[in-house]
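Chemist: Residue strings, one per chain:
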Amino acid sequence: MPTEHSDHILPTRIYYTIFGVLMLCTYLTVQISYFDLGAMNVVAALTIAALKATLVVLFFMHVKYSTRLTWAVVLGSVFWLGILLALTLGDYLTRAWRTFG
Amino acid sequence: MLPDAVHHPALAHHFDDLGQQKEAATLGMWVFLVTEVLFFGGLFCVYAVYRGLYASAFGAASRELDVTLGAINTGVLITSSLTMALAVHAAQTGRRTALVGFLIATMILGTIFLGIKAVEYRDKFVHHHVPGPSFVFETADVPAEMLRADPGLTRHVQIFFSLYFVMTGLHALHMIIGLGIMTWMLWWSWRGRISAEYYSPIEVSGLYWHFVDIVWIFLFPLLYLIGRHAH
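Chains A and B, in that order, give the protein sequences.
Sequential numbering from 1 applies to the first sequence in this note's numbering.
Sequential numbering from 1 applies to the second sequence in this note's numbering.
To be clear, the hints were calculated from the coordinates, so they are not data collected in a lab.
It should be emphasised that the depicted structure is a prediction, and the values quoted were computed from it without experimental measurement.
Glycine is no exception: its CB is placed at the ideal position from the N, C-alpha and C atoms.
Treat the hints loosely; a few may be bogus.
[Stated by the list, open to error] Partial selection, computed: residues in chain B whose CB lies under 7 Å from chain A:
#1 L207
#2 H210
#3 H229
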């Protein structure tokens, strides 16, 4: 099976741009943590972390330019992690005998 | 692609061409990384459950961590991911000197990360924040009445520090293994085994390095940041 797009070479400016965005996101998440936003502190921190992780996966790890099979495997990891977290927390969050949160 | 008669010395006989071989190597690494996601995922899940149960203890413990050092280390690791990405680029374009240079830069940054982590660990030992018989948790931040009101607090704070040491410790172990892989890749690059036609060892090592970076991208806010205002 021919694999014509396996040698996709990105221009280095993409890497420098992603690096800049990642550093900016790190600065933002630290600054946000100094404000008391209640539950939104967790939401903001995890949203920024997920954004940073997505940028690393898509560009530094070249998944954006990879085969559909690679996409399926990467999304599979997120899906199974979701099952792990959803089922476990679905149990703990719904136990009446414990105050949670 | 090259005809069979002059095939590349790095091409294994069970692959049609180097492109197919690289795809297989990348896919194999990703399958391994899926197992790593779930490996760390189990710890993140434990963290989520205990933080839900003992939010105030986790907040008090989290405020003992040094946000500045944590943020600097995040920057160091992101920079090492940049140099790693540039190393792969240098390999793709067949620039051996640049490849060697970027691999060395990545290794130096990885070592700086571990050094800063060691300073933080030392601080935890000095302040008796290592879970176990000599654990002590007294700070201005946790007044005596809070400890009286919640006798389990010291125990719950120890759960935080246990998770802190296990999660950052496993992450540091991955960094050390990463440095070993980089030493190996440095040797291959130096010897000229890596070329623009055959660079999948660098690409695949890069995937591992970036994955370890991603784990820290989540560890940093969870351990250092989100507990700053928990009551």
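Chemist: Given H229/B as an interface hint, is its Cβ closer than 7 Å to any Cβ of chain A?
Modeler: holds, 4 Å
Chemist: Hint L207/B vs chain A: min CB-CB distance below 7 Å?
Modeler: holds, 6 Å
Chemist: Can we keep the H210/B interface hint, with Cβ of chain A closer than 7 Å?
Modeler: At 5 Å from the nearest chain A Cβ, H210/B passes the 7 Å test, so the hint holds.
Every hint from the earlier list agrees with this structure, and none is contradicted.
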